[in-house]
Every structure is written in structure tokens, then in C-alpha cells.
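Chains as they are written, first to last, in the UniProt record's numbering: chain Y, 1 to 247; chain E, 1 to 400.
Treat each hint with caution, since some may be false.
Here are the in silico distance ranges between beta carbons for each label pair [unchecked claim]: (1) M154(Y) x R86(E): 33 to 43 Å; (2) V145(Y) x A394(E): 30 to 40 Å; (3) V67(Y) x G53(E): 53 to 63 Å; (4) R86(E) x Q139(Y): 34 to 44 Å; (5) L235(Y) x R86(E): 11 to 21 Å; (6) S148(Y) x G226(E): 48 to 58 Å; (7) A234(Y) x L157(E): 29 to 39 Å; (8) L22(E) x Q139(Y): 20 to 30 Å; (9) V10(Y) x A183(E): 23 to 33 Å; (10) G226(E) x L207(Y): 36 to 46 Å; (11) G307(E) x L157(Y): 21 to 31 Å; (12) L32(E) x K150(Y): 29 to 39 Å.
Hints were generated in silico from the structure; no laboratory data involved. Quantities reported herein were computed from a predicted structural model and do not represent experimental measurements. Just so it is clear, CB atoms sit at the ideal spot from N, CA and C, and this is done for glycine as well.
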Amino acid sequence: MSTMALAPRVVALVLLLAFLLAPQFFAPVFAPLTHNGAPPIYTQASLLDLAIAHLELVALATVGSAVVAIALGVLVTRRAGAEFLPLSRAIVNIGQTFPPVAVLAVAAPLVGFGQAPTLIALFVYGLLPIFENTLSGLQQVSAAVVESAKGAGMGGLQRLVKIELPLAAPQILEGVRLSTVIAIGTATIGSTVAAKGLGEVIIAGLLSDNTAFILQGGLVVGVMAVLIYDAMTALERIVLRRRGVRR
Amino acid sequence: MATHQAAAAPPRQVGTGALARLDRLGLLLVALAAGGLASLPFLTFKANRIAAGAGKTLADTLGTAVAAAFLAVLALVAAVALLDRRPRVRLAAALLGVGAMALAVGFGAGWLTPPGDRFARVAPGGGAWLLLLALALLATDALARLGLSPLLRMAALAGAAAVTVLAFRSGLFDQLSVMREYASRADVFGREARQHLLLAGGSVAAAILIGAPLGALCALSPRIRGAVLPVLNVVQTIPSIALFGLLMGPLAWLGRTQPWAAELGIRGIGAAPALLALTLYALLPVAANTALGLGRVPATAVDAAAGMGMTRRQILARIEIPLALPVILAGVRVVLVQNIGLATIAALIGGGGLGTFVFQGVGQTAIDLVLLGAAPTVAMAFVAAVLLDAVVDALGRRPA
Chain Y
1 MSTMALAPRV
11 VALVLLLAFL
21 LAPQFFAPVF
31 APLTHNGAPP
41 IYTQASLLDL
51 AIAHLELVAL
61 ATVGSAVVAI
71 ALGVLVTRRA
81 GAEFLPLSRA
91 IVNIGQTFPP
101 VAVLAVAAPL
111 VGFGQAPTLI
121 ALFVYGLLPI
131 FENTLSGLQQ
141 VSAAVVESAK
151 GAGMGGLQRL
161 VKIELPLAAP
171 QILEGVRLST
181 VIAIGTATIG
191 STVAAKGLGE
201 VIIAGLLSDN
211 TAFILQGGLV
221 VGVMAVLIYD
231 AMTALERIVL
241 RRRGVRR
Chain E
1 MATHQAAAAP
11 PRQVGTGALA
21 RLDRLGLLLV
31 ALAAGGLASL
41 PFLTFKANRI
51 AAGAGKTLAD
61 TLGTAVAAAF
71 LAVLALVAAV
81 ALLDRRPRVR
91 LAAALLGVGA
101 MALAVGFGAG
111 WLTPPGDRFA
121 RVAPGGGAWL
131 LLLALALLAT
141 DALARLGLSP
151 LLRMAALAGA
161 AAVTVLAFRS
171 GLFDQLSVMR
181 EYASRADVFG
191 REARQHLLLA
201 GGSVAAAILI
211 GAPLGALCAL
221 SPRIRGAVLP
231 VLNVVQTIPS
241 IALFGLLMGP
251 LAWLGRTQPW
261 AAELGIRGIG
271 AAPALLALTL
281 YALLPVAANT
291 ALGLGRVPAT
301 AVDAAAGMGM
311 TRRQILARIE
321 IPLALPVILA
331 GVRVVLVQNI
341 GLATIAALIG
351 GGGLGTFVFQ
361 GVGQTAIDLV
371 LLGAAPTVAM
381 AFVAAVLLDA
391 VVDALGRRPA
């Protein structure tokens, strides 16, 4: 990444960390958005704690969806799982018509309020992009490459690990990134069912009509999403380059 | 892992036993449904809305004789799922199963409710939900394998919608608790459903009006593209509840200070910020897909049209837009489905819509109320997805 592209990201990261560590320092910036002497900075809980809880939830859910979705993607592209391919495609297509709020709201009365329903909603919603990308990534691996690997005496497992997955990796990882970004945004809705996270700040702002809270909650989540997406892209490039895979 | 070893062998010759000849998807679905019915209640009964629920098995619900008949029908469906690989037959079996289940749930709820009792709540239990899931998956798989033409898909959707509406209208499900919730809110439900459609449809229409020309500009000039698309991309990362909330401030100010805005009904709370936020979310996919679609129109087609003496405007209207339409509509499909879901959030800022019931239900821990809001939302999104997919397919198949 060139310095030109890196500079604004570093600035954003420094500002984000500064805001999370010492939010009161930024009070004058948010003060004009409040009225009737309302507090400009959310102080019910530490913003840093909320951000960490938010990211923990996202990480846990996304790792879970990645493991399950990639495994399923591999399964239905093997000969043994081919019977499940048409159905799994249709499910991916239909699954996207379930809004995350609906998943969350149905899960909450069943498993109780707090982190659990949010985790379920994020996990379920995160499956789709990763599964879809794993599927198309694996299917785009050319048959000739697979055949020559077979000719070289590679078994099914070896072909998968050494040939197919590395070739499909860029697309699979794109799916993981997409899921992560969606989860970071969706986790804010979790606060409507009392999950700990940055949505709490936004909801508090909505309830007390305090634009400063809404803005700081929204900004922290938005900036985190952009930075994490970029960081994952950069990390992926480094790893793939090291393993000799070129885009 | 067994999968990898099996991958090397040709399919369906793994063994020669009877088990190997069974359809593996069918086996999974039958196991799911049978396991669910055996271990989880078919219906749950609550003496009133907040009482603890009691699980009722099939026999409790229907009586031994009817339950046996129902199980016989399900056994027939299971046999088809396990043994018959023809998609048409499997679809028919799945539909038979769904029909039988609808009757069992509807009449079962009526029989469980003491006559004249207006407080008892009967809801489908885990067993019924798993059975429905298995049947839906069986039908979905059969439909996917049938590969219906776009027109037939639309006809099937219309047929399914008509039967569903008739089933609900007939009063079959009136004793179910979700319909009890509906009965006490029938007028509000209609209003919120219309509001929901208005929010989702209106925002997508606005996004097309703004996003399509914006996308066309992006296709014309890489500089505009470099300026517009990243900004729209960032908008997408702002969490929805924050964006809804952030627009309240400026719109409240507009409504207070500008008489024309107040006359249009623009206020800080309500539909205006919701509509604006949904429009902003929808802009990126519409603009990006328009740019992509127009960019893909082959230069030879444009050259040929120019050679025939078409003006720039004619080329755009008769050549470029028609050729790019499937890609543009694919973007519209994404945002329509997305906004039908996101419109539930509007309820948080007083914008109405079906989210009203969802959040009320979450507040009261009343899952039936949540379902009253969530199920129609999912149904709307599903209909929108199937319809637009069919349209995109039909356009893509049409000889250009």
C-alpha cells in the first residue's frame, strides 16, 4: 500500500484510539450537537470496554461462520456432497431474505436476552457471504489444474489443501471480510436486546434525543469497519504473496 | 474425514447395500423431521399470554386416530424423499406434506383450545417448525432441480401466495397465538404493512432515480467514478441505526426552519429520516451496478449503432440501457430485499413499518408478536427476490 493511501488510515486509527482511550478530551467537538446541557460524551460505560465487547462478539461470530461456511462449501463441491449443491445454493439465495433484525428478534425470546441472540444472529447472517464465495471460488478452479494434480498422484485431501483452497483463497477471504464488515454494523442492533456493544451508545442517543451519542457511536463503528476491512485486505496480500499466490 | 475418501469414488456406488440406494438429502431431511417430531412438542399450549408453555405431542393434539392418519401421510412423503429422485414427484410430495401439516396445526390448535376461551395461546412447537423446515427444504431442492422458466416461477409464486392467503382467510389458523396477536391489531397491522412497503419501495424508487444517472456518469468518467463510489461505500459501513439517528437532527432542523419542508411532513422523527437513510443505503448497489452494466456493453455494439446514424441519446436509450438492464436490475434486486429488511429498523425512530411489532414483541418477550412483524417482512423480501430474479433471468435469456 502506498504512503498516500496509508496516511489517512493511520490518522483515522490514531483518532479512533485517542477517542476510545480519552473520550472526554473530545467533548468540545460533540458539545454543539447537544442541547439543554445534555452530556456530549457517553459515560454510562467505558467506550473502550464497549468497543472491545463489540469486536469480541464480531470475532467470535465471524470465526464460527467462517469455519462452518467454508466446511460446507468444501463439502458440497466434493463428489460425495454434490447431491446437496442445488439445495445449498437455493438456501444461500433465500437466506438473504431474512433480515438480521428478524433473526435477532426471534432468537431473543428463545435463548434469553444479551450476547447469546446477537451471537446467533451474527453467526447465521455471516454464513451466507462466506459460503457463497467459497462455492464460487472452488468452482472457478480450472478442471485442468485439478486433473494435472491428480496426474501428479495427489489424493483428494492433498488436492484440496494444496491446490484448490489456495487458488480459491482470495475469493473466500473476500467473503470473510464482507461478513466481518456486515457483522460490525449488525452487532449494533444487538443492543436492542441488551447485548453489550457500541450500539448501546447509539440507542442511548436515540432514547434521550442526543445526537452527540448517536454520532460518536456511529462514527466509532463505521471507522472500525473501514479500518478492519482494509487491515484484512493488507494482511491477506502479505500472506498470499509469501505463499507465492498471485492474484 | 470420510468426505475426502468418498470424493475419490464415483457417486452412488460407495456401497451396494440398501442404505446406499437411498437419497442422501432425503435421509437427512427425514432424520431431521422424525427426530424433531419424536423429541420436541408439536404444539405448545399456554393458559394465557404470559403463562409457562406446556408441550403437546401429536397424539395429545390430534387424538390417536387422526395423528396416525397424519403420520401415514408423512410416511408417504418420507418414502418419496428417500426413494424417488424425480423432482416433480418430490415437489408434489413436499406440497402434500405442507398441506397436511397446515391442517394438523390449524385443527390441532382449535381442538386444544377450550371452547370460548379467549386467553389460551397455542403456538407451533419445535417439532412442527422442524417438520416445516424439512418440507420446505425438500420443496426448495425439487424446485432448484426442476429449473423452471422465469414465467413458470412467477406463476408458481402467485399460486403459492394465493393458497397461503386463502388458508389464512379461511380462519384455519385463527386459534394460533400469532393470529390472536393479529386479531387484536388488525387495523394497525394493515397500516404498518403499507408503511413498510412504502418505506422500502419508496426508498428503492428514489435510489433508482438518483443512483442510475449517477452510475451512468461513473461509467462515462473514471474520475467521477473514483470520487462517487468510495463515498457511497463508506455510507454502507455506517450502522443502520446510527444513520437513521443521524438524519433525525438535520431533518428536524429543516422541518423547524423551512415552512415548505414542514408542509411536506419532514420532521426529525418519523418516516422522513427513515426514507432518506434507506435511500442512502440503496444508492451504492444501484450506482455501482449501473456503471458495471453500462461498462460491459460491447464497444462494437455502440460503434455499429453510431454507424447506423443513431444519435448519442438514441444509442443510450436503444442499445446501452437495454443491454445493461439485467445487471442494473440485479442491483435493484439486492437493494429491494435489503431495504425490506432494513425498514424494520425505522420503527426505532418512529418511522412505523412492521418493525413496530418486532420491537414491541422484543420489549414484551412475546415471540408471537415478534413473528407477527418478522414473518410478513421475510415473506415480502422473499416475494421481491423471486420476482426480480425471474425478471433478471427473463431479460438475460431474451435475444439481445
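Hints and how they fare:
1. M154(Y) x R86(E): 33 to 43 Å: holds, 37 Å
2. V145(Y) x A394(E): 30 to 40 Å: Given a distance of about 35 Å, which is inside 30 to 40 Å, the answer is holds.
3. V67(Y) x G53(E): 53 to 63 Å: violated, 34 Å
4. R86(E) x Q139(Y): 34 to 44 Å: Distance hint for R86(E), Q139(Y) is violated at roughly 26 Å.
5. L235(Y) x R86(E): 11 to 21 Å: violated, 49 Å
6. S148(Y) x G226(E): 48 to 58 Å: violated, 41 Å
7. A234(Y) x L157(E): 29 to 39 Å: violated, 44 Å
8. L22(E) x Q139(Y): 20 to 30 Å: holds, 27 Å
9. V10(Y) x A183(E): 23 to 33 Å: violated, 59 Å
10. G226(E) x L207(Y): 36 to 46 Å: The hinted range 36 to 46 Å holds for G226(E) and L207(Y), with Cβ atoms some 40 Å apart.
11. G307(E) x L157(Y): 21 to 31 Å: violated, 57 Å
12. L32(E) x K150(Y): 29 to 39 Å: holds, 35 Å
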